[in-house]
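Visitor: The residues making up each chain are set out below.
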Amino acid sequence: DQQVKQNSPSLSVQEGRISILNCDYTNSMFDYFLWYKKYPAEGPTFLISISSIKDKNEDGRFTVFLNKSAKHLSLHIVPSQPGDSAVYFCAATGQGAQKLVFGQGTRLTINP
Amino acid sequence: GAGVSQSPSNKVTEKGKDVELRCDPISGHTALYWYRQSLGQGLEFLIYFQGNSAPDKSGLPSDRFSAERTGGSVSTLTIQRTQQEDSAVYLCASSLGGVGNTEAFFGQGTRLTVV
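Residue numbers (the working numbering), protein chains in the order written: chain A, 589 to 700; chain L, 37 to 151.
Read the hints as simulated data drawn from the structure, not as lab findings.
Hints should not be assumed to be uniformly reliable.
As the list claims (entries may be wrong) - So the derived list for chain A, only partly shown, Cβ under 7 Å to chain L, looks like this: (1) Gly604; (2) Ile606; (3) Glu630; (4) Gly631; (5) Phe634; (6) Ile636; (7) Lys687; (8) Phe690; (9) Gln692; (10) Pro700.
Said to hold, decoys possible - Calculated Cβ distances over 12 Å to all of chain A for the following chain L residues: (11) Gln77; (12) Pro97; (13) Thr106; (14) Arg147.
Note that beta-carbon positions come from the ideal geometry of N, C-alpha and C, so glycine has one too.
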């Protein structure tokens, strides 16, 4: 039962353009969503989060959008930089879940 | 240290042997999680400790896996009679208290290889 899904295993974007990473969830009890970034041989690092009371949260080049009716969230990175190349994980938690449930990850490659 | 520390960073073991993986969470963090990432896969939840509550063990794949958290701080994940399919990176994370409104901080992981 995959409650958090990232349907694109990989994404390739040109440097300077916008990267859009997508995530879908099925559990309507989720009310807090996070994005993590992972480099090889390192643990995931927190990037940005959003509460279900909001539909957008922005932090520098990173913006997360939440569409509760569609149970969908996305991470926008603009402009994309080579250092953004990593695996991005979407995660969700909420009432009754408590534990952080992760998606399968999307490998983002930024091409110079 | 300021972050989550895991040891060892790498472990190679023979099939059938037992292994122990250690996690030192960030001081003051009451919540502790274990995940694993198999090659090409996402982050698979294993177990979650929150304060003095009974741990959520719903992600442990078999009874060969167990974990404990002593004194609300250090945690040990034990895998008995290891199998080749146990090979993965085992990640520990901690957070201030649940994940309701705070992010979890991850350690660098322990890469387990069962040969």
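Visitor: Does each hint hold? Answer for all of them.
Guide: Evaluation of the provided hints:
For the restraint placing Gly604/A at the interface with chain L, the shortest Cβ-Cβ distance is roughly 28 Å, beyond the 7 Å limit, so the hint is violated. The interface hint given for Ile606/A is broken, as the beta carbon of that residue sits about 24 Å from the closest beta carbon of chain L, more than 7 Å. With its C-beta approaching chain L no nearer than about 6 Å, Glu630/A sits inside the 7 Å limit, and its interface hint holds. The criterion of a C-beta within 7 Å of any C-beta in chain L is met by Gly631/A, whose closest approach is roughly 3 Å, and the hint holds.
A hinted interface residue such as Phe634/A counts as satisfied when its beta carbon comes closer than 7 Å to some beta carbon of chain L; here the least separation is about 4 Å, so the hint holds. Because the smallest distance between the Cβ of Ile636/A and any Cβ of chain L comes to about 9 Å, over 7 Å, the interface hint for this residue is violated. For Lys687/A, the interface hint holds, the least distance from its beta-carbon to any beta-carbon of chain L being 4 Å, beneath 7 Å. The interface hint given for Phe690/A is met, as the beta carbon of that residue sits about 4 Å from the closest beta carbon of chain L, less than 7 Å.
Using the Cβ-Cβ criterion of 7 Å, the hint placing Gln692/A at the interface with chain L is satisfied: the shortest such distance is roughly 4 Å. Against a cut-off of 7 Å between C-beta atoms, the interface hint on Pro700/A is violated, since the closest Cβ of chain L lies about 26 Å away. Distance check for Gln77/L against chain A: the nearest CB is about 7 Å away, which does not clear 12 Å, and the non-interface claim fails. With a least CB separation of 15 Å from chain A, Pro97/L remains clear of the 12 Å interface cut-off, as annotated.
The claim that Thr106/L lies off the interface holds: its Cβ sits roughly 21 Å from the closest Cβ of chain A, which is beyond the 12 Å cut-off. In this structure Arg147/L is not separated from chain A by more than 12 Å, as the shortest Cβ-Cβ distance comes to only about 8 Å.
The structure fails to meet hints 1, 2, 6, 10, 11, 14 from the earlier list, while all remaining hints are met.
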